Structure formats: structure tokens, C-alpha cells
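Chemist: Protein sequences, first through last, are from chains B and V. If you read the first sequence in the numbering used here, its first letter stands for residue 1, the second for the next number, and so on. If you read the second sequence in the numbering used here, its first letter stands for residue 1, the second for the next number, and so on.
These are computed hints drawn from the structure, not numbers from a lab. Since we're looking at a predicted model, the values are computed, not measured. Do not take every clue at face value.
Taking lysine to aspartate or glutamate and the EDC-like style, the derived pairs with C-alpha atoms no more than 16 angstroms apart in a straight line are [to be verified]: (1) V/Lys469 x B/Glu102; (2) B/Lys84 x B/Glu102; (3) V/Lys120 x B/Asp435; (4) B/Lys484 x V/Glu480.
Number of protein chains: 2
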Amino acid sequence: MQSDRIKFQSYKDKVITAQEAALFFKDKMTVGTSGFTKAGDSKAVLPAFAERAKFENIAITLITGASLGQTTDTDLANNNALYKRMPFQSDAALRKKINDGEILYIDQHLSETAEMLENKHLPKIDIAVIEATYIDENGNIIPTTSVGNSPTFAHLADKIIIEINTSIPLGFKGIHDVYISENYPNRQILNVTASNDRIGQDYIAIDSKKVVGIVFTEILDSPAQPTEIDVKTAAIAGHLLGFLENEITAGRLTNSLMPLQAGIGKVANAVMSGFAKSSFENLVMYSEVLQDSTFELIDSGKMNFASASSITVSENCYKKILANFDFYKDKMLLRPQTISNSAEVIRRLGVIAINTAIEFDIYGNVNSTHIAGTKMMNGIGGSGDFARNAYLSIFVTQSSSKEGNAVSHVLPMVSHVDHTEHDVDVLITEQGVADLRGLAPRERAKVIIENCVHPEYKEELSDYFNRSKLRGGHTPHLLEEAFKFHLRFLETGSMKKML
Amino acid sequence: MQSDRIKFQSYKDKVITAQEAALFFKDKMTVGTSGFTKAGDSKAVLPAFAERAKFENIAITLITGASLGQTTDTDLANNNALYKRMPFQSDAALRKKINDGEILYIDQHLSETAEMLENKHLPKIDIAVIEATYIDENGNIIPTTSVGNSPTFAHLADKIIIEINTSIPLGFKGIHDVYISENYPNRQILNVTASNDRIGQDYIAIDSKKVVGIVFTEILDSPAQPTEIDVKTAAIAGHLLGFLENEITAGRLTNSLMPLQAGIGKVANAVMSGFAKSSFENLVMYSEVLQDSTFELIDSGKMNFASASSITVSENCYKKILANFDFYKDKMLLRPQTISNSAEVIRRLGVIAINTAIEFDIYGNVNSTHIAGTKMMNGIGGSGDFARNAYLSIFVTQSSSKEGNAVSHVLPMVSHVDHTEHDVDVLITEQGVADLRGLAPRERAKVIIENCVHPEYKEELSDYFNRSKLRGGHTPHLLEEAFKFHLRFLETGSMKKML
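Please construct the entire structure, taking both the sequences and the accompanying hints into account.
Modeler: This is how it looks when you write it as C-alpha cells:
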């Protein structure tokens, strides 16, 4: 079994336990690990390190592709094993420690981290831990369900630990396209002109002298939670499909649309599932994550090809992919997140970007990360990479949430800005669509309040806008009231005006 | 004279007056005109239209490259000739009408407008007015001191009016590199891998059937105001040079740095002038505007090449360029703003972006456009195009301004966000440098307050930060106090705490 997975002779004596591997970690080290939205993460070495940190005063800076699966971030956080974490997370325990100021967190565009590492704008990587399907005859890594930042971690790290996951079939070789840009000033063109273009190798090149240990696991990726499509998400999906159909009618799109990107989560997934019942065809995806909906679209014959940086699917979908791997293999590609999220490629392909907002304001600024301006939820992820450079930048969210619609997701002013008014084309809630293209701020406010706001908040937002206009300005506001919805929520648990 | 300038036979009878040309404008039309930061703008037809609008109820949507020179925007605004204006302006009268809600304004990334026009996300261009050095044998336009969005206006307009400016020497042919991307889905790679790479033609291709009139002028571009380097701007320039020298010492840069971009204005110009006395050499520029400092750097032998979308210089500098045109000609290139400001090219070249902030906050968010969150100053211009995709994204501003330091430019929270915390690497005031790379928000706040804030505001900002931390959060804030500096300014004319 192990010889199947380690085809490079001089690695054969490198096999160690996860506990032994975790001993390479020293206090204050910077560690880069594979893992992107729970896919292809370290399932043995990082947990072993978390366990070790229970008994030792040791903490690292941990850089990943994106979020980790299992309970890894929870355990690392609870055992005080993290000094700093970047560029993304979605773990409740870690989130709490970040918001309590106990763990430092850098929330980055997912395309940026490897750039900053390669440019030495971030600390050097001491150790890279990379999950592998197997190690080929030349000592290189065949990745698993994600590529993420692993090529850069392997490139820059002093030491490399490889985690071979035997639950991933050997046939995974070939679905990856690994490319690292030359350092400046020798940076070259990213020669991707279609979602299925290949520009690199199907392995991560490794300097074999850096490999200090190989660990075996057979733990599967944490499954994505299957998402129920409820009335609201179905309405949002319906509005989006209607909007795109109108674009076809207007002659701006064909029924193959443009390459699609969809964020993570139930709204985005519902939207994408909606495409399966649409009249669109020959769709392609240029995104960061392949979700259940991607494979539904491939199954239904609607989608021809999907490029991303990871496969993050439910348990059933994962089984389906493995059972029909030959069918899917030539219809997908996993890339480093510098390429899946590259401004250059996203603009060139003309991606339709569909991302989820936490809240947006009446002028079209979007908050994707912070609750009430202060508490981090997950992070910006790739939404900025796509929204800025997209052919169409669409943000979706429900107009209200919580018991009794206590929270409005449309506000006078967002409490944190991740996507500025300059980067947002279309806003969609279950109430309707605000098409902001070609609109000045005062025009946007009218359309947003009219089409996207929950009826219970419409009057107050209109009133805010009208009174703001009396004071003038290109973007009218009453700064002393701009956060009144948030402040009420902090005080009373509801954004609603007390009667 | 005129036959020198119109080398295409069938245009010879198209010469009309500016007043006749202005008659092609109809109410509610969308007009696209040349002009980028006062360079290469329409100096006859738009003013004639402004004059006509004095006596007629007529208003257009005016799309330019960027700001216009002369008193054109003033006259258009005062004569109610504008319904909507985009994507940039810097005119006092127009600004007032925008802030009074009388003229709609869309403040866009300068790279975006032509994209949105070509994708039909903005209304069709009815008339294009383009300043030309001359018309060549095939009826194509040799532009003047800017390229801006003119190629797209000419491409999309129903009718084209050409304004031949006889004050521009015929030798200007050759300094332009005009390229329009194919429409989707045939978009190709932008094959610019160095500041001096050419990918297009040295003329704007014209469908001769669209040309309805040719107007002659000899009015020079409005000169840039020469900027005095004062104590503060000199200190900012000094800090920036010191920062870059440290980057060389750290092995991240060579003394040729990387291609430079600098925003408009006295701070940016002072900073660039500082390079002339530095030890840097073989510099290149990949920017949007060539300013006086660019030519100083070329004169001093420090700069080898400069690419931009316009030449906007003082009267003396302009004379110098014309008198020594052969010397400068092979050291510069003017491109469409889709290319000068292209995310793809900026990232590929690794530009060091130096832009001016109106204000920034203790977490590194930058406001480039709005006074007290509501009143538009000029617009975001190209700062977002460069900051997001730069190798290093640097923002400069003075720490305080107005009599008695009544205004702090470092705030608890910015009143409008143009550049999010995700896109800002380094902040510099005359007080010092905050290097934010690799820092979490709470670390950034410390460094910014310590290094960038004016002494008179340090204590209150520290106090705000410390009290915010008690309430927790990844990005600690007291939402009810976040705009207290701005509100005080609105009430009292000063951000200072009353004693």
C-alpha cells in the first residue's frame, strides 16, 4: 500500500507518525498548510500539533489556503496553539478567540497571500504541511481535493511534511494544474484564456532535500453541510435567474452566460442549483470552490467544465464523485488560489461573480465580514478577487433575518466595507433585484430601498435617505444616525424602531 | 495648414465650426469626449455646447477619460448642460452641483468605464468628441496629450466629431499605443510585460462614415498648477524614500525599485521629485499621468521610461517637452486608460503604487473621495486600480490640516471607504510610516497611532482604541463614537475636543 503511494525511492525511510512530525514545530514558527474550504487539509499533523500544544506553551502563525475542516481550528484555538492565523477561517471556537483579541487574524483576499509570501512581504515559511494523494517517481506531490497555497508553501518552506491520504484514489492525478509565477522582475503572462486551459504541471514540485517526514492518514475531508433550499433562498435564486434571462433578452448575454463564480453557503448554492432547472446551457465555472451544485449542473448536462481551487461537497456528493470519477475527471480542474482567483484571468474570462453579503447599504457598499462593524464572521475570502474584476459583480443576501425580522441586511451605512460602491453591479434579496449599473448614489438608494429592503424597514430607510438629502452631498448621510440600526441591535437585540 | 492636419481626402469637406458641431448634441444624449486629467480634452466643441446650453433647455450625460481642463466642466455645470457625469471630475462648480444633488455623478475606477461601455452595461455613446493632432491618410486619429477612453468612444459612438489641435506638433505621432480588447468571449491576453511594451497602433482607428464634423482649435491644454514642496510634503517624501531604502536593505527591492505609479497632487509630486535626489536609478513608471516630476526624473537620468494615459504638466514643463521632443519621445508612451490602469498589467509588472488619501482610519481603511462621508471631492480615479493590484500599495497624506490642525486625517473610522483594509500596505504622513504588511487590525491600530497621527490627536485616538478593545471584536470600534471627529468638525469646524 505505502509503496503505491511513495514512488520516490529515497523517501521510503521518511515515514513517521503525526506526533513525530508535530515535533518539528517550534514556538513562533510560521507554518503553511494545505487546505481550502475544508478540502485537502492536514488531518494528522495539525491535530497532533494541537494535541501537543495542550501540554506545552507553544504557538505558531498558521497560514492556510482557506478554512480547515475537522475540528482542527477549534482544537488549535482552544489549546492556545495559534499566535496568528491567516488568510481565512470559518471556525466558531477560533472566531471567538479572534474576536476576544486572543488570536491575531489577518483577513486577506485569497489571491494575495501567496503573492505576499513570494514577495517576502510576510514572514518566511518554516514548515509546510501538504496533503498528498501520492508522491510520484521524482518526489513530487500529487495533491488531493484542493491546491490552495500549497505550491507556494512547498516552494518557500525550509522543511516539508507530506501527509499522504490513502482514502483519495490514485486517479486524482491529472485534475490539478499547478503553476507558480516567476518572481519579479521575471513575472510572465498567466496564459489562461478559457476555464479549462492548463498552464502548469499536474503535481506540486518539491525540493526533496526539504522533506523531513511523511505521515499517512485515511481521514476523509469534512463534508460540506447539505443546504436546504428554503423559501427565501429560492426567491433569491429566482430573482437572479430572472435577471440573467433579462440580460439575454437585452442581447448582453447568450444562454451559455459567462464563466460563473459562486461563493460558499446556502444562498449561493441555492442559486447555482437553480441553474439546473434553467434554460441555460454549455455553462462553465471559473470559481474557487466546486460545490454540490457544480456536480448537479454537470450531471444535468448544463455545465461543461468547472475550474476552482478545491472540491468541497457533501458526503453523498463526494461518494458520487468517487464512484463516477472517470466521468467527472475531464470536466474539472483544481488550481492554486493565485490562479483561480487571479484578477488577470477573472477579467479576461469575464466571470459572473455571485457572492454573499452580510449586509449592504443604500448606496451599494457591501460588508462581507464583520458583525456590527467589529466581530469577524469568517473573512472576505475570494469575494473581492472576483467582485472587483468580474464582468458582472452580484451580491446576494436575505433582506432580513432572526425572529421577527430583528435584523435588516440593508442598512443606512454598512458597519464595515469589504466591497466598495465601485465594485458592486447588482444586489439581490428575496424582495427583488437592484441593478446599480450606470446609477449615481442617489439613484442607487431609490432602487435599493424600493427593490431589496424588507417591508418592515422600508419606511425608516426611506426616511433616513430623505432627511440625509436635505443636508446635501454626493452620498447623503446623517453621520450621527448612520449606525442607528446596528446600535439598536447591540442594545436591544433588534434593529427595529421601538414604538 | 489644414491639409497638413487632414491627410484623408474625403474628410476635407467635413470642417465645420465648433458651434455647428455642438448642434449635433440632442437633449438626453450620451456623449463621450477625450480628456484625461486636463490633457487632450475638447477645447472647442464642449465649450460651444456649454454656450448653447445657456439659451436652451438641453442636458447630456458626459463621459470622459477623467477631469477636463479650461473652464469646461464649470461652464457645463453652471449652464445646466449636464444630466450625468462620469467617471471623474475635479472642478469646483461641478463639484458643488454634484453635492447639491443637481448633477448626477458616477465615481468609477478609471479602468472600468470603457469595460462597462463595451459590455453594454452603460448606455450607448451617441457622439464622441476626440481631440486629434492630425488625421492620417486612412482617416484615423493621431491623439494629442492623452488617450483616455477615446478609442472606446470612437469604437462605440454613432457619430464622431474630431477636434484638430494645431498647437500640438505633428511629431506627436508615435507616442501613443492604442489597443482595444476584443469583446467577450474573444478577450485576449494584454501582452504588456514591460512598461515600454507596445501592443497596439499609434492611432485611434475610426470608421470614417461616422465622422460628422472636424473642428480646428489651437488652444493649449490647461497647465497643471506648479506645486510648492513645503515642510510637510518634504517630510512625507523623506519618509517614503527611507521606507524604500529599507526595502532595498532588506533585499526585497533593488535600487531600480519596481515600476512606479503616483497619483495627482502636491504630495505625490513632491514624493516623485524626491526620487531625483535619491540613489535610485534606472527607474521606470507605469502610471496614469505623466507629471512634471516624471520629466525631472528623466532629465536627471534617473528614469528610463514612463508609460501613462496622459501628459499633465505645468506650462514651463510643457514648453520644455515641446522644445526637446526628440529627446523625450522614445522615453514615454500614452495608452488607453483600460491598459494604463489594467489590473492584469499592474500585477504583472509589480507596480509600486503611491496614492493620496483624504483620510485613513486606525485599521488602515482609506477614504479618497468624500469629505465627512457625504461631499464628493474629485473621485477615486485610478487609485483603486493601482492599490488593489500593486506590488506595494502606499497611501500618503498629511496627518492634520487647516488652521490650528483643526482636521485630523487619521480617524477612528473613515467616513467613506474607497480602499479597504485588504488593499493597503503602507501609510505615510509627515509624522512617519506605518508598515501594515502582515499585521492584524489591532496591531495596525498601534502602529498607525504611534507613527502617523498628529500629536494633538494621538491621545484621543489611543483612548478610542483602548476603550473599543474593552468591547471586543476583531476590529474594535465604538459605533456610537466612530464618527465623533467628523461630527465635531461639522458642528464646530474643528475635529478637536472642546476643553
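Chemist: Indicate, hint by hint, whether the structure satisfies it.
Modeler: Now the hints, each set against the structure:
no.	hint	in the structure
1	V/Lys469 x B/Glu102	11 angstroms, holds
2	B/Lys84 x B/Glu102	9 angstroms, holds
3	V/Lys120 x B/Asp435	14 angstroms, holds
4	B/Lys484 x V/Glu480	8 angstroms, holds
Hint compliance for this structure: every hint is met.
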